[in-house]
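S.K.: Going left to right, the sequence shown walks through residues 2 to 203 as this note's numbering numbers them.
Just so you know, not all the hints are guaranteed correct.
Ranges of calculated distance between the beta carbons of each label pair, as one might list FRET restraints [unchecked claim]:
{"hint": "1", "residue 1": "Ser-180", "residue 2": "Thr-141", "range": "17 to 25 Å"}
{"hint": "2", "residue 1": "Pro-79", "residue 2": "Pro-142", "range": "36 to 44 Å"}
{"hint": "3", "residue 1": "Gly-130", "residue 2": "Leu-36", "range": "38 to 46 Å"}
{"hint": "4", "residue 1": "Glu-133", "residue 2": "Ala-74", "range": "34 to 42 Å"}
{"hint": "5", "residue 1": "Leu-70", "residue 2": "Glu-99", "range": "23 to 31 Å"}
{"hint": "6", "residue 1": "Arg-66", "residue 2": "Gly-33", "range": "37 to 45 Å"}
{"hint": "7", "residue 1": "Val-52", "residue 2": "Ala-29", "range": "29 to 37 Å"}
{"hint": "8", "residue 1": "Gly-77", "residue 2": "Pro-161", "range": "16 to 24 Å"}
{"hint": "9", "residue 1": "Ala-74", "residue 2": "Pro-142", "range": "23 to 31 Å"}
{"hint": "10", "residue 1": "Val-92", "residue 2": "Thr-129", "range": "45 to 53 Å"}
{"hint": "11", "residue 1": "Gln-153", "residue 2": "Leu-85", "range": "38 to 46 Å"}
{"hint": "12", "residue 1": "Gly-130", "residue 2": "Leu-159", "range": "34 to 42 Å"}
No lab work stands behind these hints: they were computed from the structure. Don't be surprised by glycine CBs; every beta carbon is placed ideally from N, CA and C.
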Amino acid sequence: MKWRVTVMRDAGFGAFAASFSEMWPLLAQGLGDTLKLASGAVLIGLIFGLVVCLARISPNKILSRAALLYIEAMRGTPALVQLLLIYYGLVSMGLRLEAFQAAVLGLGFNMAAYVAEILRGGLAGVGTGQKEAAAALGLTPSMSMRLIILPQAIRIVLPPLGNSAISLIKDTSIAALISAPDLVLQARNLSSEYFLPLPIFL
Numbered sequence: 002m003k004w005r006v007t008v009m010r011d012a013g014f015g016a017f018a019a020s021f022s023e024m025w026p027l028l029a030q031g032l033g034d035t036l037k038l039a040s041g042a043v044l045i046g047l048i049f050g051l052v053v054c055l056a057r058i059s060p061n062k063i064l065s066r067a068a069l070l071y072i073e074a075m076r077g078t079p080a081l082v083q084l085l086l087i088y089y090g091l092v093s094m095g096l097r098l099e100a101f102q103a104a105v106l107g108l109g110f111n112m113a114a115y116v117a118e119i120l121r122g123g124l125a126g127v128g129t130g131q132k133e134a135a136a137a138l139g140l141t142p143s144m145s146m147r148l149i150i151l152p153q154a155i156r157i158v159l160p161p162l163g164n165s166a167i168s169l170i171k172d173t174s175i176a177a178l179i180s181a182p183d184l185v186l187q188a189r190n191l192s193s194e195y196f197l198p199l200p201i202f203l
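Put together the whole structure using the sequences plus the hints.
M.R.: Below you can see the structure in the form of structure tokens.
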């Protein structure tokens, strides 16, 4: 208690440096949780984004319109709202997710909408001559997509996909609002305990 009073009296960077050895394990744990959260969300975003992209460019009008509706809904609403709907809304349907699971799904599904449009733009950037040449060689549409079009589209979409992944990593901070374990939640808890919000968050 005496030490805690000293910290409050010297609430600043000096106090933060003095108690950093105690804070570091929790901050490191939070950083690890953030990396796990971001990795899982990026993986979901890439895989589901590819599925949505293929549905978006499908000749099936129902699939294409459903994919368009999903993309517009996810891009047109805040990620925080989507996160809250998944975490609290699914409970009313009898499905309860842990905060970490809800954060991974929410951020992943949000990223998937952007990934789908990025991939669609990349596929559109491949010249029609490539598709015609693949058809002339007797390749089926699926083989043409897998062997000819996708490899070329990947080079086009890598930079915007990287930007999308970086944005998602920054968006992981909102996961703390549903108490998902991450770096921001640990920093907030330490800030409440040590009364040093500025140096901790910096």
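S.K.: It remains to establish, for every hint, whether it holds in the given structure.
M.R.: Each hint tested on the structure:
1. Ser-180 / Thr-141: 17 to 25 Å: violated, 49 Å
2. Pro-79 / Pro-142: 36 to 44 Å: Holds - the Cβ-Cβ distance for Pro-79 and Pro-142, about 37 Å, lies within 36 to 44 Å.
3. Gly-130 / Leu-36: 38 to 46 Å: Holds - the Cβ-Cβ distance for Gly-130 and Leu-36, about 42 Å, lies within 38 to 46 Å.
4. Glu-133 / Ala-74: 34 to 42 Å: holds, 35 Å
5. Leu-70 / Glu-99: 23 to 31 Å: Since the Cβ atoms of Leu-70 and Glu-99 sit about 29 Å apart, the hinted range of 23 to 31 Å holds.
6. Arg-66 / Gly-33: 37 to 45 Å: holds, 41 Å
7. Val-52 / Ala-29: 29 to 37 Å: holds, 35 Å
8. Gly-77 / Pro-161: 16 to 24 Å: holds, 19 Å
9. Ala-74 / Pro-142: 23 to 31 Å: holds, 28 Å
10. Val-92 / Thr-129: 45 to 53 Å: holds, 49 Å
11. Gln-153 / Leu-85: 38 to 46 Å: Given a distance of about 40 Å, which is inside 38 to 46 Å, the answer is holds.
12. Gly-130 / Leu-159: 34 to 42 Å: Given about 22 Å between the Cβ atoms, the range is violated.
Consistency note: the structure conflicts with the earlier hints numbered 1, 12.
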